[in-house]
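Participant: As a plain string of letters, each chain reads:
Protein chains: 6
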Amino acid sequence: MPYVNIKITREGATPEQKAELIRGTTQLLVDVLGKNPRTTVVVIDEVDTDNWGIGGETVTVLRQQG
Amino acid sequence: MPYVNIKITREGATPEQKAELIRGTTQLLVDVLGKNPRTTVVVIDEVDTDNWGIGGETVTVLRQQG
Amino acid sequence: MPYVNIKITREGATPEQKAELIRGTTQLLVDVLGKNPRTTVVVIDEVDTDNWGIGGETVTVLRQQG
Amino acid sequence: MPYVNIKITREGATPEQKAELIRGTTQLLVDVLGKNPRTTVVVIDEVDTDNWGIGGETVTVLRQQG
Amino acid sequence: MPYVNIKITREGATPEQKAELIRGTTQLLVDVLGKNPRTTVVVIDEVDTDNWGIGGETVTVLRQQG
Amino acid sequence: MPYVNIKITREGATPEQKAELIRGTTQLLVDVLGKNPRTTVVVIDEVDTDNWGIGGETVTVLRQQG
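Protein chains in written order, with full-length UniProt numbering: chain C, 1 to 66; chain G, 1 to 66; chain F, 1 to 66; chain R, 1 to 66; chain U, 1 to 66; chain V, 1 to 66.
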């Protein structure tokens, strides 16, 4: 019955990659805690690089600085 | 003063339905806990079906399987 | 398949009141959007009044001011 | 290492304003708690006014009422 | 730079199991999306069974019903 | 009307420090975006170091390694 929220920057993750994150996270909860996969929910949020900051800078700026 | 976050898949909820969720949730907190509706906040997130997983599968795939 | 997170201050909500919030929210999603209640998840977070602010003040201070 | 999530209505915040929120929040955590800014993450969610409710009404409706 | 929040019921997960969830989730984001593990944050919330509902019932009640 | 959630590790933040985070964050939203402080909500979550991971390690382990 776990609920997992994964937040990543919106930089081109494909539907296949997102499906793999969902599959992998669900399996991890089965393997580590014996959780029921049927009621395990995983929600992925993709966030614009203007809206994500680390070290006080937006990712937009960090990407430009290389 | 409660804060409520409702996450649903983005599958065509109308503005009227979303207004009804906001009204209903706020009223529930008044009725059950006597909360002040004026500072009760409800935020609805609509999530793409590619980004929502249950049972290790994306909702996109589950909808295709019917 | 919705996921709902309700945040309230920790000020003595009883198990019965919390069960009523869970029941009511789940029913609301059935009534308004036709969601499947069996996979609808509701999580309630109770937050210390020192850790909740509104209007720039903690709820602890607001309660003292009456 | 803190994580901050700021939710605002989507009503035209500019990239500069969002960068300022990220910078200011990160600095606040340095000043108040001595946190390491390099691993401080700030994520801003902009939410449609149809999806944000306060006082049981959507912000869309509240804006129309002035 | 991803942020992951895992919510589970508070039912005795050990520090080792939680460390394994953190390790596994971080590795998954490296493997699937090539994310930098050094800035990948995972936060686990353990929620009382009275505060977690599924199917309109608290987990406390569901556990009693077996 | 913004909502801000600040997550920090539970390592002894005082009520005064938490009040300062709430005051500072609220003021930042007034200064940068002209938001109404009276409906600005700030919630602080303090998370056990066993439940917070960065770089694939729990903060408990990182603190031991100095």
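Treat the hints loosely; a few may be bogus.
Covered stretches of chain V, as calculated for chain F (at least 3 residues, CB under 8 Å) [stated by the list, open to error]:
| no. | segment |
| --- | --- |
| 1 | 31 to 40 |
| 2 | 46 to 55 |
Below 35 Å or equal to it, Euclidean Cα-Cα: the simulated DSBU-like pairs (lysine-lysine) are [as the list claims (entries may be wrong)]:
| no. | chain 1 | residue 1 | chain 2 | residue 2 |
| --- | --- | --- | --- | --- |
| 3 | G | Lys35 | V | Lys35 |
| 4 | R | Lys35 | V | Lys35 |
| 5 | R | Lys35 | U | Lys35 |
| 6 | C | Lys35 | U | Lys35 |
To be clear, the hints were calculated from the coordinates, so they are not data collected in a lab.
Don't be surprised by glycine CBs; every beta carbon is placed ideally from N, CA and C.
Participant: For each hint given before, does the structure comply? Return the numbers of the non-compliant ones in rising order.
Facilitator: Violated hint (a single one): 2; every other hint is consistent with the structure.
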